[in-house]
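There are 2 protein chains.
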Amino acid sequence: MNLILLFADDFDAHGHAILRDSRRLDHICKVHRAKLGDTLRVGLVDGLMGSGEIIAMDGQLITLQVSLTEPVPPPSNIHLILGLPRPPMLKRTLQTIAALGVKQLTLLQSARVEKSYWQSPQLQPQKIHEELLLGLEQGCDTQFPTIHTAKRFRPFVEDQLPELIQDHDALLAHPYVTTPCPTSTNKPTLLAIGPEGGFIDNEIAMLSEAGFTGVTLGRRIMRVETVVPYLLGRLGG
Amino acid sequence: MNLILLFADDFDAHGHAILRDSRRLDHICKVHRAKLGDTLRVGLVDGLMGSGEIIAMDGQLITLQVSLTEPVPPPSNIHLILGLPRPPMLKRTLQTIAALGVKQLTLLQSARVEKSYWQSPQLQPQKIHEELLLGLEQGCDTQFPTIHTAKRFRPFVEDQLPELIQDHDALLAHPYVTTPCPTSTNKPTLLAIGPEGGFIDNEIAMLSEAGFTGVTLGRRIMRVETVVPYLLGRLGG
Numbered sequence: 015m016n017l018i019l020l021f022a023d024d025f026d027a028h029g030h031a032i033l034r035d036s037r038r039l040d041h042i043c044k045v046h047r048a049k050l051g052d053t054l055r056v057g058l059v060d061g062l063m064g065s066g067e068i069i070a071m072d073g074q075l076i077t078l079q080v081s082l083t084e085p086v087p088p089p090s091n092i093h094l095i096l097g098l099p100r101p102p103m104l105k106r107t108l109q110t111i112a113a114l115g116v117k118q119l120t121l122l123q124s125a126r127v128e129k130s131y132w133q134s135p136q137l138q139p140q141k142i143h144e145e146l147l148l149g150l151e152q153g154c155d156t157q158f159p160t161i162h163t164a165k166r167f168r169p170f171v172e173d174q175l176p177e178l179i180q181d182h183d184a185l186l187a188h189p190y191v192t193t194p195c196p197t198s199t200n201k202p203t204l205l206a207i208g209p210e211g212g213f214i215d216n217e218i219a220m221l222s223e224a225g226f227t228g229v230t231l232g233r234r235i236m237r238v239e240t241v242v243p244y245l246l247g248r249l250g251g
Numbered sequence: 015m016n017l018i019l020l021f022a023d024d025f026d027a028h029g030h031a032i033l034r035d036s037r038r039l040d041h042i043c044k045v046h047r048a049k050l051g052d053t054l055r056v057g058l059v060d061g062l063m064g065s066g067e068i069i070a071m072d073g074q075l076i077t078l079q080v081s082l083t084e085p086v087p088p089p090s091n092i093h094l095i096l097g098l099p100r101p102p103m104l105k106r107t108l109q110t111i112a113a114l115g116v117k118q119l120t121l122l123q124s125a126r127v128e129k130s131y132w133q134s135p136q137l138q139p140q141k142i143h144e145e146l147l148l149g150l151e152q153g154c155d156t157q158f159p160t161i162h163t164a165k166r167f168r169p170f171v172e173d174q175l176p177e178l179i180q181d182h183d184a185l186l187a188h189p190y191v192t193t194p195c196p197t198s199t200n201k202p203t204l205l206a207i208g209p210e211g212g213f214i215d216n217e218i219a220m221l222s223e224a225g226f227t228g229v230t231l232g233r234r235i236m237r238v239e240t241v242v243p244y245l246l247g248r249l250g251g
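Chains as they are written, first to last, in this note's numbering: chain A, 15 to 251; chain B, 15 to 251.
Hints are computed from structural coordinates only; laboratory data are not their basis. One thing to keep in mind: the hints can contain errors.
Repeated chains share a single entry, so a pair holds when one copy, or any two copies, can fit it.
DSS-like mimics (lysine-lysine), calculated; alpha carbons at most 27 Å apart, straight line [stated by the list, open to error]:
no.: 1; residue 1: Lys129; residue 2: Lys49
no.: 2; residue 1: Lys201; residue 2: Lys129
no.: 3; residue 1: Lys129; residue 2: Lys44
no.: 4; residue 1: Lys105; residue 2: Lys141
no.: 5; residue 1: Lys49; residue 2: Lys117
no.: 6; residue 1: Lys44; residue 2: Lys105
no.: 7; residue 1: Lys201; residue 2: Lys44
no.: 8; residue 1: Lys105; residue 2: Lys129
no.: 9; residue 1: Lys129; residue 2: Lys165
In isolation and in its complexed conformation, chain A is listed as follows (with noise of 0.2 Å):
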């Protein structure tokens, strides 16, 4: 937590943020070894970051007198569309995108992906939502991502696609082309990876139809909580 988010609702009527949830109390304490006070780093959802000076504690909250000025860090230009990877690994991603700046993520059905994870607990709102805030509060931004799920391949593809394109260049990952990924972009960008064992042949057809240009990182095999960050440092979006 290098960044305590604060929700309108943490503010009383002075515009002081009082903390009453374990989570964040515990790590003020525990982790920060904070005190009466001391100065933490705080963001308000959707807004500024800036600081908080703890002015009163006790066991059960923690008041702080809050000054936001500082802008969060510009966000990613990329849109990533992702086959839908399996709980745990979506847990982490999801942390990871929110951490790396991606406001917009598309969880797209596809073959290789098991009809079951779309049942996952892990792919509540409420969840999703906490893995989004473990993220922003790690890589210290306000602004919580969109999360789209798209359970339909060729419906994803013939009635979204065409729109969300416009304007962006569109890189498909894929294994068996030559096309190196491009270094850095500074256009927005539709950035499709696939699921556990790739896109099949018939979605990577559809895809390029669509507009996307299939690009190459190697020949090596990464998994989706390692190919994402590789991914938004190659393209730096």
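Fit chain B to the given chain A structure using the hints.
Chain B only, in chain A's frame:
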């Protein structure tokens, strides 16, 4: 396990590979669901990759007729120097660097590394070997990385770095400089990444003195397990 790694002592006098260990047998039978006559992707440690046809199998062993013709992917030209991560992160990081083709990793003491981490069982050669093996099987490579340990910061910088740095670029990931991290490098590169909390000022001064250039990744704070693939992707080495 995208590649079944074979060791010299797996081979019998006829040149067949005989697998007896439950780890590989279980994976081949339960994950690949392979049957007699099926062909698996295999690689010989420190050698070529290719295919292995199952010519015999029972509950106890699998015999492979092996053909090794495919070179391994080119290695990374990055020598990673990492503030020793806490044990669970070290475990994942070892897998990741092996999967991404890094061949030289130095685990470095730093003021913000807890001394107890050096006593972790995770640093025993057999444990390190196991994690690297998992990474090579994931990424499809046969060449084990070499893991160096430097338990004292100053002697490493003063006695070992001057030789290591010859003919290398030397980059230090550092949040408080403004030089952006370059994208893609063809030159052998030493890449230093601090521990959780970062290198302290004095360490940064010593690394700069030794020839490292500080480069920033922006204001976001990344975990070790995220920053390693992020930077390898960015440098593309």
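Hint compliance check: list the failing hint numbers for this structure, sorted ascending.
Numbers 2, 5 and 7, in rising order.
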